[in-house]
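If you read the protein sequences in the order shown, they are chains A and B. Quick note, the first sequence lines up with residues 1 to 292 if you use full-length UniProt numbering. Quick note, the second sequence lines up with residues 1 to 533 if you use full-length UniProt numbering.
Quick caveat, the hints were computed from the structure, so don't treat them as lab data. All figures in this text were calculated on a predicted structure; none of them were measured in a lab. Ideal Cβ positions, reconstructed from N, Cα and C, are used throughout, including at glycine. One or more of the hints may lead you astray.
[What the hints assert, rightly or not] Covered by chain B, according to a simulated footprint, are these stretches of chain A (three or more residues, beta-carbon under 8 Å):
#1 113-119
#2 123-132
#3 146-154
#4 197-209
#5 227-233
#6 238-245
[As the list claims (entries may be wrong)] Label-pair distances were calculated between CB atoms; the ranges are:
#7 B:408 with A:47: 40 to 48 Å
#8 A:114 with B:21: 51 to 59 Å
#9 B:84 with A:134: 27 to 35 Å
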Amino acid sequence: MPGVDLPFGLPEVDYTEYSNRQLVAVPLAVLAVALLIVGGVWLTTGAPVDLGMEFTGGTEMRLQIDGENPQQRIQQAFTAEPAGVQPVAGSDVYIVSFGTGANSEQLETQAENAGFGVESIDSTSPSFGSEAQIQAIGGVAIAFAGMSVLVFAMFRTFVPSIAVVVSAFSDVVVPLALMNVLGIQLTLGSVAALLMIIGYSVDSDILLNNHVLRRQGSFYESAYRAMETGITMTLTSIAAMVVMTVVATAFGIGLLSSIGLILVFGLTTDLLNTYMLNMSLLRWWKFEGVNR
Amino acid sequence: MADEGGTWASIKENWRVVLLVLIVLASVFALFSPTLAPSTDTPGSTANGSAADTGVTNLQFGLELSGGTRIQAPLVGVHATGVDIPEGTERATIRQGVAAGLENASAQDVAVRFPGEYGDTTQQTTVVEVRTANVTAAQLDAALNEAGYEADNTYNRVSGITQQTAVTVLRQKVNEAGLSGGTVRVVGGDVIVVEVPNANQTAVRDLIESRGQVLIQAYHQNENGTYVRTTVMDSDDLRQVGNAQQIQGGQGAEVGVVVADDSAEDVQQRFVDTGLAQEGGTECSYEQSPNSTEPCILLVQDGQVLNSFAVDEGLAEPMRTGEWADDPQFRLTTGNLSTAQEVAINLRAGALPTELDLNQNSMLYVDPSQSDRFKTDSLIAGIAAVLAVSGVVFARYQRVEVAGPMIVTALSEVVILMGAAAAIGYPIDLSVIAGFVAAIGTGVDDLIIIADEVMSEGEVTSQRVFQSRFRKAFWVIGAAAATTIVALSPLAVLSLGQLRGFAIFTILGVLVGVLVTRPAYGDILRSLLTGKH
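Extracted from the complex, chain B is given alone in its bound form:
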């Protein structure tokens, strides 16, 4: 600047360029600063650290670029809202009434939830949910009508509250299993996505496939002398679940549990009522002679009896006197350590309210070696695209002062996008890289519009001429940006999983372009063309 005021005036003049430089610097900081390195303190994570670990940059990589397994599936079930149920009707009655009208469901599959607060959600009306496959919303509607309960609406998916519970339970399961860096989220309204870095498909499937409902039941005779099973406690009754360990100097493994204070009395009473805590303890011969055994404790997981064992007098005595409830501890034994670990995970995470529909799933497994190859290959593809763009732009303008800043500006957009990804910890995958390339594409297009507009009608002689031409160009750029954003926004919300990143980063790129980089390019071009320095 020729006039007084020197640098300050020129900074003011070129504030858009200054802003761009600042944002690029901030992005570089976000990318490389060790202070912003992604945290690895996932509960249950072990010495192997975060799987999405990144090396030099703070970028976190998604499954395709870091390796691991992703399973997407909806939850099994349908539900009805606004069900009109006469006051005072027992839950069991409703469940049986509804199940009676459904060919493929039993009372156990029907859940009733009255209005109230559930977690963060307030439920206004009564919800009836059927958590089994092969029941449609229409069938539920018919069954409700038959049972005399009118429903406002029925839906071919589980209710939001059930979904939230399932996500919470799945998250805990993934964490408890020591699969570090695993994530569970919902996309497109009803699809659950479970993503676990560095795990193969069998490990993830085994973990999420079953509901993981663990029950501790009493196997005993009722008043008629027939053997029945009575649940004495489940995961909801527990306050603490210990680690699975090998039994010292013996066979099998065990999990120590502590019963919650408000359940202890009830649990104790059930032990007494079912005869488990009878005088002298019990002898269990469930496996050899189930029809003539004394009362047994059964450890049941997803309906399958894992183990049966007796109660010794050391436990039975304080239960009879009522002392046990003051220090309500209990040991569950299993045949081997891995079963004990599974039981411990399931007890800690609780049971899934319903199963994931793995018949209707999508699964992706990427080996770490392949993900490394994807990383380099997609980088090469991206760089090749940038070179192609540069080639065309140079061929067209044949002026370094026009084309050079164009390429630099477009690349700075990618740096900003990568910085944003690192800052918010968005995992980079192939679709995000496609988004980066798209950002360069739309970016350069707009820079071409600016360049052509500014250089039209002869030389740019004054600031005013430049400003007016730049403003004209900007209308087109704004309009083009708006159409791109509108066109891609469906992808940002749809459950077409992998494409979300593409949409988000293309939209982000367009916004950064319109608000930051393209105005800055205008400034650069102006100072180069008006001959002022």
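Just chain A, same shape as in the assembly:
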């Protein structure tokens, strides 16, 4: 066994110590739990995840509020009950959201009457939102199908290809389940992130497959080398996205923070899937599957 050091002083894992069954069990169990959560939510609410304003309709305003007791003044200013009030770090701006009943023109007038500075208004009607919902689900499905076809076309071998596709599927489903658990709503940004995961998370799987399938050297040698590169890649991306999420959340830039957060979820899941699920499927295929 070549002693390949994993980057960042990560402890070396000796895959020979674990059976394929053991390795596969963890990511599959995670996927199963995630599917249960997503499926359960889908059955009870009619959508795989709690949908945000852009999909269900509603209004979100940024209000600049000088003076005392801003929270209390927000509650008094509007006839409609705000669904949420969130301060923006380092400023006197508040992001106030309303449900579908509120009329955006009326809200603007009420905000102005209360002496608030209206910085932005973002409003979507329910029927427009439901159209967006269909498009979003369709988009994710098409992207996934396209990616799968491409992967099969590139590797032309069933087991390695399906390993990538299953990993990618799990990379999308687990973040969805996490969103349900943590109460994060689906926004346009998170849809973009889900699509990005489909394209992005398969990179490390492709790398692993490529090394194992197309390089000389033992399975473990190739796999460890792919792992070294792949983990660096994924950790770099995770670092970038964590930082972007933190900064964007502090500034209240919803689009950037939701893209970042979902990508962090997806890429973390991908570490698990690539190096446990995909790895053991490949090992099984290499040592047992091929001989059949």
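Let chain A serve as the given structure and place chain B on it in line with the hints.
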């Protein structure tokens, strides 16, 4: 290079780096050159100039980063294509026949368009369109069947030609209203997006909410003595619409119009037929006693009577003699200047074929001060992400000659993308910035693959070893790029409006990366690692 040929050979050797440098220079030129500054000559733009104005760079900023209002909504209506109508059937008959089968529509809401050329589009079959809410495609299909006209297909949206007309009219309205830099476009097949920089939601709503149909009608008695309204002209009959102005030394405001030559005779005839041009002119008392007035001219906008006025002998006389048609001018008067301005805009732009469905809309308003904050904040978020990437890469390789070029190469990709945005005038908004960050992310990933591959299996001793390893790395990069492009392409076409920029710039970034920056990084790494300089 040690051998003869000196610089030329080394340029040839490193042509990928040279190409990258050239493209980066071109991008910098596109970004900063005043010769490529965005043009501001939108019709109707006033002294306040282009709203998407940019300052130091040539970048144009979208709504979120420049301030303004965006409204997205579909057009109201359904249509049927390939409608089988017996030859010689009158339009009015068809309209009434179809309306009879529809609970929520009247004959006025039904439009029939026979095959022919309409603008740039050729329509092959007969189209029947119902332009009112609460009618579904299925109901239209049933109504057509009931009336005895079979349709090939029915759709829950308006026809393409109607949509094009609506976009043209909306564009003119936005321009005519002096809202400079406004854009109107269609996304996802049936959603109209109206974007106006520096305008608040009320101004934009007022402008696009109504169809803006202005009719000049005669209010007169028919042969039975009942008062009826007859349209004598509409915006299609006009050649020129003047500016709205205050009436000198009097009350109210007026808009001067010139009737088109081919309509002048007809319009004149209608004035005579309806009694408007009767001898001595008319006295109008429409407002006080509508049931006993002499013929009046009504100025009607979206079914609402804005003003009624009389025809004086000075106008009536040349109409009776037929001289008016030689110089067909006319003045429309209104109560105040703002109404006159609205009428002028509507007459110039023409009427929308159907309304925008504002019950099914999405609206975004961003105040200029907020957009400035978005600009700095998203820049900070982007820079923070780049620093994070740099930190990780340096920690991993601990060799400046590997990690340094990596960061520089990834950043050059962003410069190229920004240059491209400036060159094509694509407005930068938050989603595009997210696309830039994604480009850095995928870019660095690929550079890591190259670096690891090239440095694997010991030192890089010769060109050949380098080339073969680089080629191996490139297969993975190409495959990864292809999956990203496939995954994001749905977003580039869907009507999930704001995400389009993200998809376009991520895809563009991946392409630039695979074709230009990553090969160049390979060259840089080679000259650093093989010890040749």
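Starting from the hint list further up, note which numbers the structure goes against and sort them upward. none
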